[in-house]
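Take these sequences, add in the hints, and give me the full structure.
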Amino acid sequence: MADRPEIVCICGSTRFVAEMRAANRDLTFAGAIVVAPGEADEPITAEQKTALDALHLRKIDLADRVLIVNPGGYVGESTTREIAYAQATGKPISFTDPV
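Okay, so the sequence shown: first residue is 0 according to numbering that gives the first Met the number 0, each after it adds one.
Hints were generated in silico from the structure; no laboratory data involved.
Here the structure is a predicted model, which is why all the values come from computation and not from measurement.
Take these hints with a grain of salt, some might be off.
Here are the simulated PhoX-like pairs of lysine-lysine, each with C-alpha atoms no more than 25 Å apart in a straight line [to be verified]:
| # | residue 1 | residue 2 |
| --- | --- | --- |
| 1 | LYS58 | LYS48 |
| 2 | LYS48 | LYS90 |
| 3 | LYS58 | LYS90 |
If you want it as structure tokens, here you go:
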């Protein structure tokens, strides 16, 4: 949409937090609105993970496109589910690394 910046949802394994932060920075400086996974400084409970996973699908709903941060081509279980959801809702998907 020309009346607002593109909204990009970042998805990826929490093991790649530094890479997701870098993607967030680069997209932000390129003029995009970025929605990204929540971060925790300590281990989270299974209930919290379930809630965060559901919240992240709503972030995908808000986005114009999805960027998968996948260093070395790694895509885990949660990210695979997010990719399937984005595909089912017709969101364009790109990857930082070849899959």
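Do the hints match the structure? See the list:
Taking the CA atoms of LYS58 and LYS48, the gap is near 15 Å; set against the 25 Å cutoff, the hint holds. Restraint check for LYS48 and LYS90: satisfied, since their Cα atoms lie roughly 23 Å apart, inside the 25 Å limit. Distance restraint check for LYS58 and LYS90: the Cα-Cα separation of roughly 12 Å lies within the 25 Å cut-off, and the hinted pair is therefore satisfied.
Every hint, counting from the list given before, is met by this structure.
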